[in-house]
Amino acid sequence: MEIDVQTGGSSRGVNDATKGLVDIGMASRALTPEEQENLSPHTIAWDGIAPIVHRDNPLTELSDSQIRGIYTGEISNWSSLGGPDAEIVVVNKAEGRSTLELFLHYFDLKNSEISADVVIGDNQQGIKTVAGNPHAIGYVSIGTAEFEASNGTPVRLLPMGGVEASTANVRSGRFPLSRPLNLLTGLEPSQASQRFLDYARSEHVADLVKGQFFVPIDYSSVEH
Amino acid sequence: MAMILQRFRAARAKDLFVQSAVLLFAGVAAIIVVIIGVYLFLESAPLLTGTGIPGFFLDRRWYPLEGEFGMAAMLAGTLSVTALAMLLAAPVGIAAAVFMRYYAPPAFASFYRRLLELLSGIPSVVFGFWGLIVLVPLIAKLDGPGASVLAGGLVLGLMILPLVSLSTDSSLAQVPRSHWLAGTALGLGRWAIVRKVMIPSAASGILAGMVLQTGRALGETMAVLMVTGNVVQLPASVFEPVRALTSNIALEMAYATGDHRTALFVSGLILLVMTAGLVAVAAVIQRRLKRYG
Chain A
1 MEIDVQTGGS SRGVNDATKG LVDIGMASRA LTPEEQENLS PHTIAWDGIA
51 PIVHRDNPLT ELSDSQIRGI YTGEISNWSS LGGPDAEIVV VNKAEGRSTL
101 ELFLHYFDLK NSEISADVVI GDNQQGIKTV AGNPHAIGYV SIGTAEFEAS
151 NGTPVRLLPM GGVEASTANV RSGRFPLSRP LNLLTGLEPS QASQRFLDYA
201 RSEHVADLVK GQFFVPIDYS SVEH
Chain B
1001 MAMILQRFRA ARAKDLFVQS AVLLFAGVAA IIVVIIGVYL FLESAPLLTG
1051 TGIPGFFLDR RWYPLEGEFG MAAMLAGTLS VTALAMLLAA PVGIAAAVFM
1101 RYYAPPAFAS FYRRLLELLS GIPSVVFGFW GLIVLVPLIA KLDGPGASVL
1151 AGGLVLGLMI LPLVSLSTDS SLAQVPRSHW LAGTALGLGR WAIVRKVMIP
1201 SAASGILAGM VLQTGRALGE TMAVLMVTGN VVQLPASVFE PVRALTSNIA
1251 LEMAYATGDH RTALFVSGLI LLVMTAGLVA VAAVIQRRLK RYG
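Heads up: the protein sequence lines correspond to chains A and B, in order. Taking the working numbering, the leading residue of the first sequence gets 1, the next gets one more, and so forth. Taking the working numbering, the leading residue of the second sequence gets 1001, the next gets one more, and so forth.
Honestly, I wouldn't trust all of these hints.
Label-pair ranges, simulated between beta-carbon atoms [said to hold, decoys possible]:
(1) Glu34(A) - Ile1133(B): 41 to 49 Å
(2) Arg195(A) - Arg1060(B): 47 to 55 Å
(3) Ala1021(B) - Glu34(A): 31 to 39 Å
(4) Ala1276(B) - Ala168(A): 55 to 63 Å
These are calculated hints, taken from the structure and not from any lab test. Glycine included, each C-beta is placed from N, C-alpha and C at the ideal position.
Kindly produce the complete structure, drawing on both the sequences and the hints.
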């Protein structure tokens, strides 16, 4: 069996799998009911999105409506949230990223409603941007943020709805802002694809998933 | 006699062979440009329908997933960052070239030239990374979010500085030595000769070189993407973030489908036309000013 991996975003994964250009697509989000008419998702891991601020930011928690206010520009200074008198530097993701989609979906926003100061591509760029600016706020994958924060990068993960942003809480399903990482196949995958799916959803890959700072699925629930 | 004729024929055949080989390879380079142009045009075609075209240049709003494809703000972003970069790189670059050609001791000048060549060989992503880690936090202490027109202009300026300097240097090198000698014979000082004789004589080459470097700055992607903040807006000051057309393609291409993807090809087409315009300007400058050289 030969596997050729191509890169692109979730949109491309869904697109290519729907059109039958590939045997297995990848998407870091749940499928819409419309998409599930032609595709079946196979979750292989979980990821959560955490709001991050600079380590020197005195605030320890923000409510959903406060985060919403910050991103829409209604709240523009940290002082109105009890922080220092400084303009809030809002870090947003570029259009098309599933992290952005998930964020917008959760806060019920359209991208045109967000007034950002910096727009970033990948998670690392987001972490570097927030680490370099004490007044910045952004959002990135929890796995990446947790790893960077524990390795001395001056960023702090904020809890959501009182739940600490950690891989443990993503695994347990308690953390509100999380997403499944899915492999996508047609409704009836080929035998070769099925064998690969079984492997990708088995305990043999747990170390690989953890190695990427994602959260393994509950393997006991997988049907073979 | 027959042998000479045979040799003559062999040489001619060889000439013909080399001629056609060179023509073929030159043709490949030209054809690639044409293919890319045609490909960009075909991919952009679905959105290039009459009424849509002015919208790309007049509309400032870019929300591709909500059907808004205005590129005016990104065009302004590209132009402002490029202009700032040239403004910074041109005087310093010319000064560096004058220094190494007319003022520095020959051994040091040669070392200095190697240094500039090395600087020009540093990958742009390294400049971008340095900008993101060092420059952006510094600017944030002054004003705004740090990621800004200023950060982009500085990083790009640094990137094209050695190229501006080296192309100026080679233009100056082409000025006949007799000009220098004539200046000295007239009793002119070093600076007077440089300013009144050498630089005006090399002006066409210097300017053309700068126009071509502007084209390079225009097309730079990675470094700009990392430091300009990528917010789609008309900047009110150099401390505000902007998004360049190139960054837009790099940020969104992997995630774009449908009209969104087509719109990105349109921005690529705009960039190609702008670069072609700059090349044409460089050619005209070279021809115009040569008459007075």
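Comparing the hints with the structure gives:
1. One distance hint, 41 to 49 Å for the beta-carbon pair Glu34(A) and Ile1133(B), holds here, with the actual separation near 43 Å.
2. A hinted range of 47 to 55 Å holds for the C-beta pair Arg195(A) and Arg1060(B), which are about 52 Å apart.
3. For the hinted restraint 31 to 39 Å between Ala1021(B) and Glu34(A), the CB-CB distance of approximately 56 Å leaves it violated.
4. At roughly 56 Å, the beta carbons of Ala1276(B) and Ala168(A) sit within the given window of 55 to 63 Å.
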